[in-house]
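Okay, here's what each chain looks like letter by letter:
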Amino acid sequence: MSSLRRSAANHLVTTLAILSTVVVLVPLVAILGYLLYKGASSLNLAFFTHVPAPVGQQGGGMANAIVGSGVILGLASLLGIPVGIGAGVYLAEYGQGRLLGKVIRFTADVLNGVPSIVMGMAAYALIVAKQQHFSAFAGGVALAIMMVPTITRTTEEMLATVPHAVREAALGLGIPKWRTVISVSLRTASPGIITGCMLAFARVAGETAPLLFTAFGNQFWSFNLNQPIAALPLQIFVYAVSPYDEWHRLAWAGALVLIAMIMISVTLVRIFANRGALKGGH
Amino acid sequence: MGVDIHVENLNAWYGQTHTLKDINLQIPANHATALIGPSGCGKSTFVRCLNRMHETNPIARAEGTVRIGDIDIYKDASPVEIRRRIGMVFQRPNPFPTMSIYDNVASGLKLNGFRNKRVLDEVVERSLKSAALWDEVKDDLKKKSGASISGGQQQRLCIARALAVDPEVLLMDEPASALDPVSTAKIEDLIFELKSQYTIVIVTHNMQQAARVAENTGFFLTGTLVEFGKTHKIFTNPSDKRTEDYITGRFG
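Here the protein sequences come in this chain order: A and B.
Just so you know, we're using my numbering here: the first sequence kicks off at 1 and counts up by one.
Just so you know, we're using my numbering here: the second sequence kicks off at 1001 and counts up by one.
Next comes chain B alone, as it looks inside the complex:
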């Protein structure tokens, strides 16, 4: 099941650049939340701060409190533990090219030392079914490389891989921006399915996409969270002038 995310006074820097300024936000469990805003506004940095992926960049640092469920991710656990509970799907599909489809899905468990073959088989099948990919790949699970399937399939494989470690939260950083419209529609359907079981945070450039999949939407601009609320309200009756300018296409 998904859990709530509480963000208090989150600030982030890349070197000297202050990329996130005093972000305060409550993301409800088992809903999809969209983050929109122009390029460079800090929305990708924000999701990376939610599973401490920003720490893989040596010049990045973050301050503030992020509570996911009942754990304070900067105090109570290591980045490795955090990332097992908070899955991530990236902008470009990034399957492991040397691994089979099966091993890609099983990698999160296998590379953490889990070896029970019967359980692995079950997890791989369940995850691929959840990612709506099972029927397309079930005959080539161990024969084909994760890099040999189409881009849209690769992205669903990456979603299956993230689901296999049974996370509570799924972060998606522009998961469909590198895909064609048909594959994009499949990813959106999938988000719709998955949000009953996971808390989903999706960064997107595509405002229609935000409107289609997310109950709540946040608008970022130059490192600040300008407005956060029901998607319906943000898109029809925003309270901030800057949000209105952005969604009506006046800038960004």
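For reference, chain A alone in the conformation it holds in the complex:
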């Protein structure tokens, strides 16, 4: 009797788990499939090589927005990843029980919940308003600020999983603490930290709101960090709310390219990070 109940309960829980997985996966697959269906037909070489065509003309592409997104995200990563990892290292290795540590941890958690439009406003107030013009730089800073809390908290949590015995081994060899942190703790925790950076990157890559009044968008080529620059999410936003069918199709294609870019960059980082892995390591 009790074994019957146990096996019934087991089946019930397994079924529930499978059902929840399906519930989560269906919309995800549906979105990707619909995106492919709508976007793929509008993708052509011109999409990757041309700037947007003037209103009323056919054709044109989003080459400048693709490159612009790359520039803004590159800048955001360059600023956000070192600051995020640095703060995480402080929290895990130096700030235990200290007031500054508690303040940073609290700030990071609050920052994580701040709506992205507010980040855009902050960057607007700090940079755009001071400089009196929109710029790629301001967009990069807005996204960098968004990346920092995720990276900081992941770095801290991943460093906390490094066994104390491993740190002791390094200190016991007469290796200074800073060197132990860099070459032993961070290195041991690196797979998790890289995952955290990738999550933060993927999250901000699709952000539109923080770029609206920082990077602003641009219909033409620009490589100047001090000038407004095009970005895929912005371009998709503008095209999607426009009244033209041609632009709607381009917006679908843009969304598809954006997702593909995120997936490719995350995969590339994974492959690159795993290349030096040893047999039997972590």
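Be a bit skeptical, because a hint or two may be false.
[Claimed, not checked] Restricting the straight-line Cα-Cα distance to at most 30 Å, the calculated cross-link-like pairs of lysine-lysine (BS3-like) are:
no. : chain 1 : residue 1 : chain 2 : residue 2
1   : B       : Lys1138   : B       : Lys1110
2   : B       : Lys1142   : A       : Lys177
3   : B       : Lys1129   : B       : Lys1142
4   : A       : Lys177    : B       : Lys1075
5   : B       : Lys1110   : B       : Lys1129
6   : B       : Lys1117   : B       : Lys1138
7   : A       : Lys177    : B       : Lys1117
8   : B       : Lys1117   : B       : Lys1075
9   : B       : Lys1186   : B       : Lys1233
10  : A       : Lys177    : B       : Lys1143
11  : B       : Lys1186   : B       : Lys1142
12  : B       : Lys1186   : B       : Lys1110
13  : A       : Lys177    : B       : Lys1144
14  : B       : Lys1138   : B       : Lys1075
15  : A       : Lys177    : B       : Lys1233
FYI, nobody ran anything at the bench for these hints, they're computed from the structure.
From a predicted model like this one, the values you see are computed outputs, not experimental measurements.
Knowing the structure of chain A, use the given hints to seat chain B on it.
Only chain B this time, still in chain A's reference frame:
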């Protein structure tokens, strides 16, 4: 070559707890010295005070004099310098999991900025041979992670890693307590080999082990050093009643 260790009036505290009380001890060079006693008696704290590893715990502090060779470790040098001269092997094998076997052994030199590849190759080979591990790992030096070999091999890897920085003293905190009997025997053989070149201090719960590897033995109880002397005498004719009770298994 090994050096003598002189300990005078050593006291240690963890927070409010007085864990070591007025320890006075002379540990001779190029011998193995065993420290025995029940759990929590202060023997691990004692060896940690010998290379200032206790300082990695923010609530720990120590007072007194510890002279290793001709240096007073609390006055004459930084903890980092001390730990390069006084190697340590811990209870659980703790190789660096992200490093190859080679890099584990070379880590003490490499992470202190030493880059000469030819010398590193020599040091790695010599240290692994000293730790009786060379023949088992020589084909996978740079391919396998330090965490991928067996527990007993990992502990010998940790010994090789400690030897690679050429210390004068080797502290071993229950180095075989997490290992099977065969691996334990290999570690004991190794201690026997190594003591001609290093001063070895070994903490152990296993009294047979103390009897097998060490010339001198100290018995710790509740933070005091009850008795210290020739291992043979401690185990056959102890002068203190408490030592006798412990080794005959009446408590602890």
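Evaluation of the provided hints:
no.	hint	verdict
1	B:Lys1138 / B:Lys1110	holds, 19 Å
2	B:Lys1142 / A:Lys177	holds, 26 Å
3	B:Lys1129 / B:Lys1142	holds, 16 Å
4	A:Lys177 / B:Lys1075	holds, 20 Å
5	B:Lys1110 / B:Lys1129	holds, 19 Å
6	B:Lys1117 / B:Lys1138	holds, 17 Å
7	A:Lys177 / B:Lys1117	holds, 24 Å
8	B:Lys1117 / B:Lys1075	violated, 35 Å
9	B:Lys1186 / B:Lys1233	holds, 26 Å
10	A:Lys177 / B:Lys1143	holds, 28 Å
11	B:Lys1186 / B:Lys1142	holds, 24 Å
12	B:Lys1186 / B:Lys1110	holds, 28 Å
13	A:Lys177 / B:Lys1144	holds, 26 Å
14	B:Lys1138 / B:Lys1075	violated, 41 Å
15	A:Lys177 / B:Lys1233	violated, 43 Å
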